[in-house]
Each structure stands twice: as structure tokens, then as C-alpha cells.
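2 protein chains.
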Amino acid sequence: MSLLTVGTVAFDNIETPFGRVDYAIGGAASYITLAASYFTPEVRLVSVIGEDFPVSFLEELKARGVDQEGLQIKAGEKSFFWAGRYHNDMNARDTLDTQLNVLADFDPVLPARYAASEYVMLGNLTPAVQMRVIQQMEKRPRLIALDTMNFWMDIAMDSLREVLKEVDMLIINDEEARQLSGAYSLVKAAALIHEMGPRYVVIKKGEHGAFLFEGENVFFAPALPLLDVFDPTGAGDTFAGGFMGYIAQTEDLSFDNLKRAIIYGSAMASFCVERFGTERLRNLTQDEIQQRVQRFVRLVHVEV
Amino acid sequence: MSLLTVGTVAFDNIETPFGRVDYAIGGAASYITLAASYFTPEVRLVSVIGEDFPVSFLEELKARGVDQEGLQIKAGEKSFFWAGRYHNDMNARDTLDTQLNVLADFDPVLPARYAASEYVMLGNLTPAVQMRVIQQMEKRPRLIALDTMNFWMDIAMDSLREVLKEVDMLIINDEEARQLSGAYSLVKAAALIHEMGPRYVVIKKGEHGAFLFEGENVFFAPALPLLDVFDPTGAGDTFAGGFMGYIAQTEDLSFDNLKRAIIYGSAMASFCVERFGTERLRNLTQDEIQQRVQRFVRLVHVEV
Numbered sequence: 000m001s002l003l004t005v006g007t008v009a010f011d012n013i014e015t016p017f018g019r020v021d022y023a024i025g026g027a028a029s030y031i032t033l034a035a036s037y038f039t040p041e042v043r044l045v046s047v048i049g050e051d052f053p054v055s056f057l058e059e060l061k062a063r064g065v066d067q068e069g070l071q072i073k074a075g076e077k078s079f080f081w082a083g084r085y086h087n088d089m090n091a092r093d094t095l096d097t098q099l100n101v102l103a104d105f106d107p108v109l110p111a112r113y114a115a116s117e118y119v120m121l122g123n124l125t126p127a128v129q130m131r132v133i134q135q136m137e138k139r140p141r142l143i144a145l146d147t148m149n150f151w152m153d154i155a156m157d158s159l160r161e162v163l164k165e166v167d168m169l170i171i172n173d174e175e176a177r178q179l180s181g182a183y184s185l186v187k188a189a190a191l192i193h194e195m196g197p198r199y200v201v202i203k204k205g206e207h208g209a210f211l212f213e214g215e216n217v218f219f220a221p222a223l224p225l226l227d228v229f230d231p232t233g234a235g236d237t238f239a240g241g242f243m244g245y246i247a248q249t250e251d252l253s254f255d256n257l258k259r260a261i262i263y264g265s266a267m268a269s270f271c272v273e274r275f276g277t278e279r280l281r282n283l284t285q286d287e288i289q290q291r292v293q294r295f296v297r298l299v300h301v302e303v
Numbered sequence: 000m001s002l003l004t005v006g007t008v009a010f011d012n013i014e015t016p017f018g019r020v021d022y023a024i025g026g027a028a029s030y031i032t033l034a035a036s037y038f039t040p041e042v043r044l045v046s047v048i049g050e051d052f053p054v055s056f057l058e059e060l061k062a063r064g065v066d067q068e069g070l071q072i073k074a075g076e077k078s079f080f081w082a083g084r085y086h087n088d089m090n091a092r093d094t095l096d097t098q099l100n101v102l103a104d105f106d107p108v109l110p111a112r113y114a115a116s117e118y119v120m121l122g123n124l125t126p127a128v129q130m131r132v133i134q135q136m137e138k139r140p141r142l143i144a145l146d147t148m149n150f151w152m153d154i155a156m157d158s159l160r161e162v163l164k165e166v167d168m169l170i171i172n173d174e175e176a177r178q179l180s181g182a183y184s185l186v187k188a189a190a191l192i193h194e195m196g197p198r199y200v201v202i203k204k205g206e207h208g209a210f211l212f213e214g215e216n217v218f219f220a221p222a223l224p225l226l227d228v229f230d231p232t233g234a235g236d237t238f239a240g241g242f243m244g245y246i247a248q249t250e251d252l253s254f255d256n257l258k259r260a261i262i263y264g265s266a267m268a269s270f271c272v273e274r275f276g277t278e279r280l281r282n283l284t285q286d287e288i289q290q291r292v293q294r295f296v297r298l299v300h301v302e303v
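Protein sequences appear in the order of chains W and B.
Under numbering that gives the first Met the number 0, think of the first position of the first sequence as 0, with each following residue one higher.
Under numbering that gives the first Met the number 0, think of the first position of the second sequence as 0, with each following residue one higher.
The shape of chain W in the complex, shown without the other chains (with noise of 0.2 Å):
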């Protein structure tokens, strides 16, 4: 039950039409971290941050359970920073700036207890950062999942391509999917995927859904229908924590279950969206979280 987390974290400034927020606390793995630590109390992360970072969020995640033997901390080095403004249908973002700092030259470095983790969360990084993690597993892990992005297709798809290999699943959005198997339909994209590798693959498409594909399965979750979409970043990664903490939670990857696990990440992603980055994942209850799960089941449920 234990879920190996590999990804940024790091300080964002946000402008939505909503208004905007500086260095708030983001990056890919704060967002599955928190989002997972709801489901399974060994969450393990490995990240690196500067010596900015302020230490009263590292207890939150202390105290929600996350273990950080594997976080480094930089001295007189500056934590990864992101600024990017939304469009005011929060479908589009620009990015307004990106200072890389500790993630110039992360190497990750697995603790030895680590090496065994069952459940492994591989967030959006260079792909070949993902492959050192991957090398230093000291046996195969049930499940590996891992996201990543159009930018990594674009400078480094022969090492994305050798990491598509080694892993289980592949979770990312509509537009990567497509970029990533030059087929329009994710039917045929999802197809095209398998092939590089993953056994699995979850097409995120933001307020849109989301989609499962296992061979010849497919399960579709829809997103819940909001009236305001406060602040969408994070909500990708927070599916995914959401939905891998799911699953090192009950150990059980039969499809039934991975579609829980999509309802399940797709109800943290809905809560994610309500708040300015993390804020809203870092008090949540268990009533909420089983009653937004149930509005998920309710919004789709049909007898014919």
C-alpha cells in the first residue's frame, strides 16, 4: 500500500479572472501527495526544493503522513517557480514565467526503504529523471504510472519513448495523447499507446472527463459540472494522486476497481479546481470526499 511520488515542488503565481496569488505552494507532487495522503498513509515522496520553501507546508505534509526522507533541500538554492495567467474561459493558459533553480540539475535519489514501494507516481519531470527512478527500484512495482507533457515530446521523445516502456500506465490529457500518437481519436490514440508500452492508459480531459482504456475496456467518468471553475491548476495531478492513493489504498487493480479509482481522483480533482492551488486539498474530510464521489455516481446514473 505504499505510493512512491516523484515530482516538483514548488511555488506558483496564478492569475485567474478570479483574481490572482503569489507564490502559492504547487508543483505536481504537492498536488498528489496531499490528494493521496486522503487514502493511504504511506505516501513517499522524492522532490527537491530550495531553502525558500517555507518549512510550516512540509509539516502539513508531515502530519497528513507523507514521508520526505526522499525530498532534498538545496542550501542557498531557490525552489522551482511557476507564473502563468488563465483565459477567461480557464480552458487556455499562458505561461508568464518559469525559473527551473533546484530542478536544473534534480537528480533523484531513492531511500532505501523507497526501493520496495509497491505503487509508484512517476509526475511530470524529464523523462529521463523519471527513468533514474524507475532504475532504482529494487523490485517491480505493481503498478507504475506516469505523467508527462507536450514539451518533453518535443525535446526529448526518444527517452520518453524508452520510459513509455518500463511503465504500466500512461496519464495524461487529450492534447498530449494526440501529440503523442498523431491520431486525432483517443480511441485510436489509446490504442497506439498500448503499443509503446503501458498496459493502461487515463486520457484527462479537464472539464471535459476523463477516459480509461485497458485493451478492449474503456470507462469514461465525466468532470462534475461546476458553477465556477475558481482556479484549475493542479487539478491533473490531483486526479492522479487522488486516484493512485485509491488504489495503494484497496491493492486491487482489476478494472472495476480502476474505475472507482477514476471516480475517486476525479472527485479530488472537482475539489482542487474551488480554491487557489492547494488550498482547498489541505482540509478536507472524509464525508466530504464520499459525498462528492456519490454526486459523480448520481450524475451518470441511468437504468435502461
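In short, the hints are calculated from the structure, not lab data.
One thing to keep in mind: the hints can contain errors.
If chains are identical, the list can't say which one is meant, so a pair holds when it fits in one copy or spans any two.
[Unchecked claim] Taking lysine to aspartate or glutamate pairs in the EDC-like style, the calculated list, with each CA pair at most 16 Å apart, reads:
| id | residue 1 | residue 2 |
| --- | --- | --- |
| 1 | K187 | D227 |
| 2 | K258 | D96 |
| 3 | K61 | D227 |
| 4 | K187 | E206 |
| 5 | K187 | E68 |
| 6 | K187 | D88 |
Please arrange chain B on chain W, whose structure you already have, making use of the hints.
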């Protein structure tokens, strides 16, 4: 169980990445009546065509039980014609040509026995023409549904608002719902459209599925993930035809039954896009329809 359908019967030239077809049978009412005819034997057509229209299609509609007493045939005139080309992703299209012809001065006249129809589907037409139909009903139908488009919001918003007050249901796509309401969130858009008159709001999102809103009740049906969308022309009208046909067949306006109707409409639309124009709708079997409906049910089925 009688369904009155008002809309265009027309010729379409269609270009998609898969090929092209000239003078295909099209028009909203062609798709609506064909789709509805699989569910209810009493489909009544109000439309107008020129003398250039092939009698073979009218015979085919007749064989499917579609009453054509309300179909005006204008001697010496030409039928409505539209030509369009889809982009590679099928989500956008350019209109290459529109020739109103007989539609320019279409005045719908309801035969006496149409005036007591219980269900009414007003296909996309000038709002004033849609209003003229409502005014000729001798008693309040059980359900009047209306489709419209951005074009009428641009040039005839006042008369559109007038007819919206008289209908029970608006069936439009997401972009139209946003333009009509001024709200980006579809939840907000539906609430604002409710205030304009319609008790029910159906918002079609094309490949992303469809929402049904009735006050606080909301239901979402996915679109079927397909290997290829061959030609999206008429999918929205086919959805409306299957939806209204199922309601006319079952005569049940409960929310649970409207949800089933959405699934049947979605299933019919999924057939429509498999071939050019109305081709696929002209030889379906009840078995095929039932099997397709069950694919929709399985696609979202989850037990949590």
C-alpha cells in the same frame, strides 16, 4: 404519442477528411424524423421543399411512418441547400455555400390533425417561424422542445426570447448556451436559460457528451468514444430526434425517463456520425439500437 417535427428538409454538400458527398439528403427535420421513427409510429413533418427533391426519400419516410401532410412542395422552386467542409479535427467546419431557396419565405401551415400533437420538436429555424407553429396548436402539447443557433441570437434575439417563453425545453450546444446566457459555466448558463422560460435545458457538447438540466437535477451522458467520426453533420438533430421519439413512445416526463431518452438520443447520434449524411439512419435495426444503448450504459457504469 404523436411527435410533430418542424425543420428543414434539404440538400447538403459535405466534405470531411474521409471524402465528400454532393446533394446528400440533409436538413434538421430529415434527421429528426428518421431518428424518431425508430421509436414512435406517429411522426408528423412540417417543412418545405422544392420540386427538385427526390420522391424516393419521401417514399422512404412514408414507409417509416412519417406523416407528410404538412410538407409543402413548391413547384418551380429549389430546395434549401447547404455546403460545408469540416476541419481535420471534425470540431469545426466552414460553411461554403447556403442557398435558402424555398426556405426564404417558408410559412408553416399545420394540417388540422397535427394541431393536437402531444410532443413538438421545433428544429432550428427563424424564431418567428417556430412561434407560428406554436400559435397553431389547438391545445397545449405535453412537451415543446426547441433548437436554435447563434445566428438567430445575432439577428433575431428579441423574437427568440419571445418563443423561449413558450417552450418547455431548449436543446442547444455548449457554445450556443454560452452565447445565449452570457455565462461560461454551463451550470450557470442552464440556470439563466431556465429563467428565460424553458423548464428543461439540454446542452449538447458534441464528442464530449450532453447535459440535461431540470432545476437542481442534472444528468450527464457521454458521447461514445469512436475510432472515427466519419461525418458529424446532423448528429445534433439525430440526438434530438431519438430523444423526442423515445419520449413520445414512452409518454413519461419523469426525470428518470428523460435520462433514458438522453441515452437513446446519444445512441442514435453515435450511429449518425458513422456515415455521410442520413445514410446510417436509414437501415438500423432495433437490435443494433439496443446494443448501442447498452454500450453507453456500460461506458459509465461504476459501483462505489
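Hints, one by one, checked against the model:
Proximity of K187 to D227 under the C-alpha cut-off of 16 Å is restricted to the inter-copy arrangement: shortest distance 8 Å between copies versus 32 Å within a copy. Taking the closest pair of Cα atoms, K258 and D96 never come within 16 Å of each other, the shortest separation being 37 Å inside a single copy and 46 Å across copies. For the homomeric pair K61 and D227, neither the shortest alpha-carbon distance inside one copy (31 Å) nor that between copies (48 Å) is at most 16 Å. In this assembly of identical chains, the alpha carbons of K187 and E206 lie at most 16 Å apart only when taken from different copies (15 Å versus 21 Å within one copy).
In this assembly of identical chains, the alpha carbons of K187 and E68 never lie at most 16 Å apart, being 41 Å within a copy and 46 Å across copies at closest. In this assembly of identical chains, K187 and D88 lie within 16 Å of each other by CA distance solely across copies; the values are 13 Å between and 28 Å within a copy.
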